[in-house]
Amino acid sequence: MSWTDEELSEMAKAAHAEQTFVYDDSFWKEASALLPQKKRRFLPFLFLALIPLAGVMAYFAIPQKQVSQGEYVAKSMDLQSNEKAQVNFAAVQSTSNNSDENLSANVISADGKEKSTPTSWNNGSSSNFLGANNRSTRVKMSSPSIGLPGAEEGKAQTLIAVNEPSNDSFNSTEIPTPAVDDELTIENSAPQNEVSRPQLKGLELNKLENIGFLPPLALSFNYSNAQPPFPSLYTRKPRNYWNIYAQAGYGMGQSYVFNQVGHTNSFNLGAGARYNFKGYFLQMGLAGELQKVKLEVSERAKIYHTSSTILENLFSYRQLYRIEMPVSFGYELKNHVFQANLAPAYLLSSKMDYKYLVDGSAMRDETIYGDKTGWKDFSFGVGLGYGYKIFKTVTIGADLKWQLVNQLDKNIVSEGNVRPFSGQVFLRKTF
Amino acid sequence: MKKIILLFLVMSVLVFSCKKNQIEPIPENNIPVFTIDGEFGGESIHYSAGDDGIVMNGAIETRNGVNYAYGEFTNGSTKFKLGIFDGNVAIPGIQGSFAVGDTFFFAKKRTEPLAYLSAAMLTSGSKINSVDWYANSVFLGSNNVEIKEPGVYKICGEFTFDDNSTETICNTMYLGFENDVDVSVRHFLNENSILNLWLEGNVSDIDSVRWYFGDEYKWTGETCTKDFSFEPKLVTAKVFYANGAEISKTIRVDGTFNGHWIDDFSVFQLPIIESNWDYNVGLEVERNGQTFSTFNVTNYKGSFIVKKLDYYVHPMTGAPMIRIEADVDAKLKSSTGAVVTTTLNVVLGIPKIN
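Going down the list, the sequences are from chains A and B. Residue numbering for the first sequence follows our numbering, starting at 1 and increasing by one per position. Residue numbering for the second sequence follows our numbering, starting at 1 and increasing by one per position.
Chain B on its own, in the form it takes in the complex (with noise of 0.2 Å):
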């Protein structure tokens, strides 16, 4: 019986002494994540990411000051980019809004003017020479220049007065999107020199507003007033809004009564004819050597609707994602002029916006 003890022990200890290695299984097969399916001008298509050298690219660009999430099918040669708009850009931290049976409109050119830059529109044009207009650090021309495309401008103007003396204002401007921050400064100076400053506008948010006088904190409050014998002087104000939002006036007034001040930048902007683009779509096409867009086309019938919306973790790199799967049906117009349809079926994703 002691021989088979001690047996039984040799052998649990050489059993129970190894050491051993474990390897993590791999995860097994998945059916494809992201697809298209359906018809592009009367053809049938099916892509799937991951097949035939087919890659979903999901990513947010920057498409004139908005955020563009988009999800994009490409092997080189092919690619369907279908994006969509962030939303009531002006207040940070909202996240676009997406629930399943949600109907998501094509974004459209615009064929009118959104904003007219031109020194004519101050009250104090007579007194400027020219101006060059910069939007978003890109110069857009000098004196007149109109802009069409929807986005959130930071718009600046080196203006030349007729004194020669120069001056530069830059003011954000939020073109053909839903402007949460609409407020304008206005400013009168007596003749005692005594300066009243106010807003119009979307006041009814506003938590409150500090005065700057260049970089001279001057008072808080929706309206100032302060002595302003000074030689011309930069304007600020800084409105917070109970939202969180948040915007920079800024406006130049000459205390030396020269007549070399400039109004605030919202005289520029024109009224709202189109709709505005938050959280519009939009598809863009590389097929067959041809480039088509719904940009380019009026699509008052076409629509994208959610059917599934959900997260999705890239199980590679760990990203988050916001997978929807969507029909899309719509017409889309070629850099040639011709025009097509096509009824989708998209499960595409886009990083998650803010």
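Bound conformation, chain A alone (with noise of 0.2 Å):
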């Protein structure tokens, strides 16, 4: 069974006729007055937020290590039944996004030779899908039959077939030898909102229904130059295995003290062992931290005798220096990583600015280090945290962290904050 160019030309286009955009300014106005004016006290915590999706962009924006085309499609097609597929896959290329406009295709026969011309799926503008230099993306592969006989640089060549694959495909770098048919099929892995399933079936696509969760431009689109928007979807770790982690982070929270204005910042820096089993992993490690604060400690005492003495020591803390033992279990569901923390830690030391004044009069006037003077040696707290694998091995993401035993010594410091919250972002690279 075949289509001529026109035959799909029309499908595709009967696909896309009735998606149509009505703009109507009142939809807008009535959105813009939903939308809050003035909320600057959180901009702090909304400048955390944007870190992530300033990553994730990043992401976009750097160059990544090239993943073949046979290898994520190898992946995605080990998904499927049992049944038997005989799949042809042409190089496909996007020109444009994957909605509405310009998608075309040049159909290979399975002896490489062109087929067919491009077609213009929507417009009828068409373009040459193998690139300006008319090259296809070459396969990686293991197996040295999967590529046909006939492909060549620089031309367009049936990529891959897959027969039969095996549940373990995931773990095996073998792919199964394709069974090539003579018979020209076109596998057709527009989004499903974009071309109706049953179109799809006319395209005799049935087979791969259980395929159709994945990203849409992830299975038959033979990118040129392309690359996977989420590697790491298409590909898999081994189940259970132990690594190290380091990370560096930045946070800010709440001061430790109820009446004193402002906000504590931190920065911490550590390292761990990390067991990952089925998707979720358990770490635990030890992180320095610096943090800066801005905490204003006095003791005060009168002394009676024969008449009386005022003592006061000042301590004005500027920076905690403290060691983290966070243990954090997590899952990692594709490229997020979603995490609980508990996180005790022992106060190493301190910086600060101290004065002992006798009756006002200042006998000691100098920086300190290392006296704990109003905070206790242990603190413990406990958080949430989500990640974002913007590379294979590096995570950035955000922590929301709740002190439930607090640093401060509340006998010292009665008015403390008892539970602050902080907040931090982190960069994580495993190794």
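None of these hints come from the bench; they were simulated from the model. Heads up, some of the hints might be wrong.
Said to hold, decoys possible - Here are the simulated lysine-lysine pairs, DSS-like style, with alpha carbons at most 30 Å apart: (1) K302(A) with K79(B); (2) K302(A) with K81(B); (3) K302(A) with K355(A); (4) K351(A) with K376(A); (5) K302(A) with K331(B); (6) K392(A) with K2(B); (7) K302(A) with K352(B); (8) K351(A) with K372(A); (9) K331(B) with K307(B); (10) K429(A) with K2(B); (11) K2(B) with K278(A); (12) K2(B) with K302(A).
If you follow the hints, you should be able to join the two separate chains into one complex; please do so.
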């Protein structure tokens, strides 16, 4: 069974014909009215939230390691049923987005010869799907037999055919030898919201039904110099394994004391071990944290004797040096990382401006390191975090932490903020 | 694993290499240490050292040669000064005996003299034209002087004899306090110029006596017999008691037989009528522009009862003190003659005596 280019074009046009967008100005005004006017106090936290977004955007801007079309096509095919499928993939290129414009295809026969001319699906304009240099994406395959006779550089070729993929093909680099059908077949993996399933069935793609949840461009479009948008979707690590990680973070938190304006800033750097199992991970580490604080703590005592003397210690804490021992349990869903954290911490030291006053006269006025007056040695916090893997081993994310056991000693600083919230963005690299 | 161990080592070095400066915590608040609570002239009063500018000064002052340890609450305009006299003042090293429950009496100024200094009291008085008297280097008067205030006095007389020769003799007198060295020197010079010296009074506890003619040591013993054919000369007996007390007694002996000798000053001491001031207390108050004192009024029913007694170390200076809590019930007389009564609970500090 085969279709001519004209028939394909008509079917594509029909599929998109009903998709129209009507601009209604009232909708926009209504939506505009719902927008928040001013929330400046959340600006710092909004800034934090934007950082991971910026990271995602940066991902698209940074050239990625080339992942071969063959790899991810092969792995996606693994998701199919055991039903035998013989699919010849044509080199297809999207010249625009995958929605409604400039979708066209070159249909390549099994022997590598073009069977049809480029056809416009939507607006009738045609383009060379193989790119300006008429170059197809080269396929890296472990099985040399996947390469078809006649496939050469600069020519379109049948990229892959999958026959009875095994369930373990995710972990295997072997790809079944394709069975090439003499008949020309085309797999069209346009998104389901763009091309209705009945139409696809009409293209005898019913054998690929169960791969519909994958990003549409991943299936059959052969990119020329294109990058997969989410490479990790098509790769999977071994099920259980250990690795280590290093992490750097920047955080902001509520002030330790209610009546003192300001917030804390922190910078941390740490590393640890991580155990990965079935998509979950458990990681334990050690992180040194420099926490910049603005905290005034004073001790005052009136000592009665033959008269009385007022003794005062004024501690203007500037920095806290903490060791955090975070334990995180998380789950990785494709590139998304969700984690819950337990964060016991030990206060190592501090930097502060110290004054010792006797009846108002300064007896000592110096910068002191190491004193922990007003602080407890140990603190404990819990938190939730989200991360996004911008690279295979690099995750950027954000944590929100709630300090259950405050670092402040309430016996000295009675007005302390009992359980301050803090948030941080982090960058994690696993090895 | 190597990486993990290396990481642990690096972190450990960072943790334990930090130099830490520790600050000694300041002491905790305490409650007032020295206070006065009670009534004064029917008015309720409360003073705490350290509040409202009130300071409690504990010190020892010398009143007529006797230590008077006191605690004084003052803020400039108001003053409560409560003190206690030393006792057994002739014996060095004796600390006043304080115990909980002890009752101390209020000292009162004498109306009768304790001593009468006059050349007429001397056996050679007829040969003396005049005498100028000094007590503790303070000129008291000439010829006849009375001493009413108890104290330990170094009495010096500058004698002028009938031939206009002069002599100055000084002796210590314990007046109004227990005299544990109550001894006097007697002498007799016979026609052969043999001088006999001996002691009278409290001689039972004497350990030794050293005799000097002028500055020249002559003899050790309770009596001394020497040839004395000299011009008039001072003879001194240094008497040492077993309890550590000592006293010097000086007389003038005239070897020329002109009658220009001077007896021991103990002859000036009058019989004791009122009780001594050993360990007596006194309260002086300046309040509302008036001065009140227990010294000016009889306090037969007055009392100063020790309720609590301990040592106290001043936290700032480290000076040791005796902290006394006592109930005071006394009458005071103002300079204008007004008498007020007071009932107080007092916690005061006095320096350790001796």
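Measure nothing beyond the straight line between the CA atoms of K331(B) and K307(B); if it is 30 Å or shorter, mark the hint as holding. holds (20 Å)
Regarding the pair K2(B) and K302(A), is the alpha-carbon distance no greater than 30 Å? Given that 30 Å is the threshold and the Cα spacing comes to 56 Å, the pair is violated.
Please work out if K351(A) and K376(A) have their alpha carbons no farther apart than 30 Å. Roughly 15 Å between the alpha carbons, so the hint for K351(A) and K376(A) holds.
Does K355(A) lie within 30 Å of K302(A) when you go C-alpha to C-alpha? Given that 30 Å is the threshold and the Cα spacing comes to 17 Å, the pair holds.
K392(A) and K2(B): Cα distance at most 30 Å? Holds. K392(A) to K2(B) sits at ~24 Å (cutoff 30 Å).
Straight-line alpha-carbon gap K429(A) to K2(B), limit 30 Å: holds (18 Å)
Decide if the proposed pair is consistent with the structure: K302(A) and K79(B), CA atoms, cutoff 30 Å inclusive. The given pair, whose Cα atoms are some 23 Å apart, holds under the 30 Å limit.
Against the 30 Å threshold, does the CA-CA distance of K302(A) and K81(B) hold or violate the hint? The hint holds at about 25 Å.
Is the Cα-Cα distance between K351(A) and K372(A) 30 Å or less? holds (9 Å)
Checking one constraint from the list: CA of K2(B) to CA of K278(A), max 30 Å. Satisfied? holds (26 Å)
Given hint K352(B) paired with K302(A) - CA-CA distance at most 30 Å: holds (26 Å)
Given the hint that K302(A) pairs with K331(B), test it: the Cα-Cα distance must not exceed 30 Å. violated (35 Å)
Hints 5, 12 from the earlier list are contradicted by this structure; the remaining hints agree with it.
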